[in-house]
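Chemist: Now for the letters of each chain:
Protein chains: 2
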Amino acid sequence: MAESGADVKPKLQDEIRAQGEIVRKLKAENGDAEKIKEEVDKLLALKKLKEDAPSSKNFVLKCPKGTKDYTPLQMAIRESVFNTIITCFKRHGAETIDTPVFELKETLTGKYGEDSKLIYDLKDQGGELLSLRYDLTVPFARYLAMNKVMNIKRYHIAKVYRRDNPAMTRGRFREFYQCDFDIAGQYDPMIPDAECIKIVTEILSKLELGDFVIKVNHRKLLDGMFAACGVPDDKFRTICSSVDKLDKTFWEDVRTEMIEEKKLDPEAADKIGKYVKLQGKTVNSACYHTYTTNFASYYTELSTRESSKVSRVLLYRVIYEGVLKGFTHDPSKKKGEETVSVGSVAGGGRYDGLVGMFDPKGRKVPCVGVSIGIERVFAIMEARAIAAKSKIRTTETEVYVVSAQKGLLEERLKLCRELWDANIKTEQAYKANPKPLTQFQYCETAGIPLAVIIGQSEIENQFVKLRNTVTREEKNVPRDQMIAEIKSELEKMA
Amino acid sequence: MAESGADVKPKLQDEIRAQGEIVRKLKAENGDAEKIKEEVDKLLALKKLKEDAPSSKNFVLKCPKGTKDYTPLQMAIRESVFNTIITCFKRHGAETIDTPVFELKETLTGKYGEDSKLIYDLKDQGGELLSLRYDLTVPFARYLAMNKVMNIKRYHIAKVYRRDNPAMTRGRFREFYQCDFDIAGQYDPMIPDAECIKIVTEILSKLELGDFVIKVNHRKLLDGMFAACGVPDDKFRTICSSVDKLDKTFWEDVRTEMIEEKKLDPEAADKIGKYVKLQGKTVNSACYHTYTTNFASYYTELSTRESSKVSRVLLYRVIYEGVLKGFTHDPSKKKGEETVSVGSVAGGGRYDGLVGMFDPKGRKVPCVGVSIGIERVFAIMEARAIAAKSKIRTTETEVYVVSAQKGLLEERLKLCRELWDANIKTEQAYKANPKPLTQFQYCETAGIPLAVIIGQSEIENQFVKLRNTVTREEKNVPRDQMIAEIKSELEKMA
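Protein chains in written order, with the working numbering: chain L, 1 to 494; chain A, 1 to 494.
Just so you know, the hints here were simulated from the structure itself, not pulled from any lab data. A portion of the hints provided could be inaccurate.
Chain L regions said to be covered by chain A (calculated; three or more residues, Cβ under 8 Å) [unchecked claim]: (1) 200–214; (2) 258–270; (3) 461–472; (4) 481–488.
With a straight-line cut-off of 20 Å between C-alpha atoms, the simulated EDC-like cross-links for lysine to aspartate or glutamate are [as the list claims (entries may be wrong)]: (5) A:K235 <-> L:D69; (6) L:K90 <-> A:E29; (7) L:K105 <-> A:D69; (8) A:K105 <-> L:D69; (9) L:K235 <-> A:E29.
Restraint-style ranges between C-beta atoms, simulated for each label pair [stated by the list, open to error]: (10) A:E79 <-> L:K27: 34 to 40 Å; (11) L:E474 <-> A:L490: 40 to 46 Å; (12) L:K361 <-> A:E208: 51 to 57 Å; (13) L:M168 <-> A:T469: 46 to 52 Å; (14) L:E114 <-> A:D234: 41 to 47 Å; (15) L:M168 <-> A:E252: 54 to 60 Å; (16) L:K206 <-> A:G210: 21 to 27 Å.
By construction, the Cβ of each residue, glycine as well, lies at the ideal position given by its N, Cα and C atoms.
Kindly produce the complete structure, drawing on both the sequences and the hints.
Modeler: Shown next, in the form of structure tokens:
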């Protein structure tokens, strides 16, 4: 079995042991001296090999930089967050797909601009050149072009990889989850776009992360603002990349970068500063009026007045961002007034040209989508769970089978089988003769609501003792009514 | 937003467009000739860059060798198989963890013997040397040692990576899922082992893959058999690796390899052949009698007599294998009698020494576990779904909102919002004025059970038409009773 866990045994250790036995046997049999020497040499060579192999002594026991294990507690939080998100995606009729964790290197080439340097490449071990996926959007576009899919509404929840500087406590990793929802297809303007924002609204509300705001913007509008501020045309891109830093950096630092590094006229920089401080106010732009009106009205129909959280509604080819207010970094504040934080938990927009880059005939499939930055959500949820000292169970065990005396292992096994076969989540001690107290303590620590207790007299009289872990109440239940009784107790607790 | 899907726009294309505008503007303004030339040169340089980049024309549109995308249909099958498996793991009280897709290279070093050549390494881009995980067992052992976990019952479902020769139609991939369940901790002999086999039995039964057999074996017993057949001690390992090939290769090919390549006495090879054909019969070995008896009795208690499928019960430090009878390759048959097939879908065993290899103090944590070879199960399920022509839905949409006339987009949006907010899975067309027939056809194709239809008269009289997609029955429902009526209809259908 290639997949077998048994593959994994320390093979070298095994080989040394086997070789040792050969030597011992030969010696015991007073075997041929030359043969013995030969086998001893083999043994020594194997031992040398083991010494040369990295031993656990000087071994660094860690996860790769920027990555982490998920503990059972973190997995329980992750499962509950994913459930909320997947329920929302399915409520909107989405299918799901999956793609390999790596792509042909050339599939990713030319898609990420200067961020390409953050792509993980695989070593050339012969065969194709591969890279780990950097996001789920490019693999999605490759999938659409490859399978000639002209329209689909799909979600994809999977890990992506970026050789970035990690900031683990703020939920920034080199391996992290993306939860993407995208609508591909030639549709009427703004209808799928408005639904994407509705989805972000629903998810951020259901996750109960506090107040949030969804910012809607468009690159061309930013360009218009730059022109009005007197930024020369050829500085648009570079000044734009400075402005993009405002969610992580203070305005005064961005201003310095613009003036000193990018040689922008300080007067232009200060004008930009005024716009930046216009947070939440609509910047009008007549030429995009129609789109604006459509989008705003579609989105309004999708949202009740109270839940409408879109602060800026601007125009077609939109870019979205969902920001948690409780965690927002206000770039207009001065340094020291507030720490830089992690408000942005969702982003998205249109990418109408991407599929065409893959299609052999350049056929376009317009796409719009959102991506939930779930690691930040995990970080917030986890901190909350710890702060609230709330007990999150990491198993769902309903019944623990307890033996009150020694020598009842086989009776316990029989009970377990009966409970498992009745679909009741059941555990027992893996000891032949566990102490009763240890078993009850395990129930309490693990939060298992019910215990089924057996002793010699229970077995002889064909009943079991059913114990409620919280109230510590016990009652005798005839053995043949045990399953029904447990199911009714569990129902009462639900 | 680093996570934004909007990142992904073809940046080079954007830059060319922006630069083009600069040139056009300069020319329109009759700008400085030298300045124009400078900007034109920039534009040409960008265009050259684009030409050099791999274009979609000569681009290979494919997944990396040995990997595949999952379509929505395959994902629906995968989700249902995972549900069955996870339900079983949870029924046995397991927690779950997750580890990164890559590990420090040295974490994997020395754990896989000659299979190490199948490990995917990442390119050295500065920093740590990394490799993709080869299975979930070594990362689990690393996790236990790193976090000083002395006992845990956990499952882990994730993809692993092997640079093996893929055989995609038979479910053998370079990227594939493993579903592992392991019990770590110092417990009494055979109790956790027997539960692992119970779990394989439960999962293979619930998946309804037909009759199966669970083979239980032990390496030392194989050694005993070799000794009895007259295999020299120093050929045990290599002959063992030949015998391991019997699940994929015919006996006569294995025999040839033993004699010609490994220089085994043909007489010894033929004796091995006789044992190999003893399939399903118990080979007795007195010294392991106690363990055998315990294991057999524990397992018997865990299984009803009818469902007991363990064909060979041998001894401690067991190796398991779950084989589907309908898909079994019988190595004793002659070539041509039957094609080599994919019977083995589960494997596992003890690995008591592995955690100690990671622990700085060499502390041991005994472990036993099973791994479900789920790709083969997917392959069987998928073939079945296709053969049965059964319609598997890839979405869960319950209601489709249909407009009977033009100009009702905003009314449809309002209805969708109301339905979504009531937790009803709802879709609508992304067109402003979709044709009624197109909308009804979509309902039928996608298997959406209900349609809510609105027209001008419905809106004026405050009701909706509710249509059953299968029976095509329609009824009028007052708008304020719509949600209740839909929920009751859906309940009837469930």
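Chemist: So, for every hint listed, does it hold in this structure?
Modeler: Quick rundown of the hints versus the structure:
no., hint, in the structure
1, 200–214, "violated (count 1)"
2, 258–270, "violated (count 0)"
3, 461–472, "violated (count 0)"
4, 481–488, "violated (count 0)"
5, A:K235 <-> L:D69, "violated, 41 Å"
6, L:K90 <-> A:E29, "violated, 54 Å"
7, L:K105 <-> A:D69, "holds, 17 Å"
8, A:K105 <-> L:D69, "holds, 16 Å"
9, L:K235 <-> A:E29, "holds, 19 Å"
10, A:E79 <-> L:K27: 34 to 40 Å, "violated, 60 Å"
11, L:E474 <-> A:L490: 40 to 46 Å, "holds, 42 Å"
12, L:K361 <-> A:E208: 51 to 57 Å, "violated, 44 Å"
13, L:M168 <-> A:T469: 46 to 52 Å, "holds, 49 Å"
14, L:E114 <-> A:D234: 41 to 47 Å, "violated, 59 Å"
15, L:M168 <-> A:E252: 54 to 60 Å, "holds, 57 Å"
16, L:K206 <-> A:G210: 21 to 27 Å, "violated, 42 Å"
Consistency with the previously given hints fails for numbers 1, 2, 3, 4, 5, 6, 10, 12, 14 and 16, ordered from lowest to highest.
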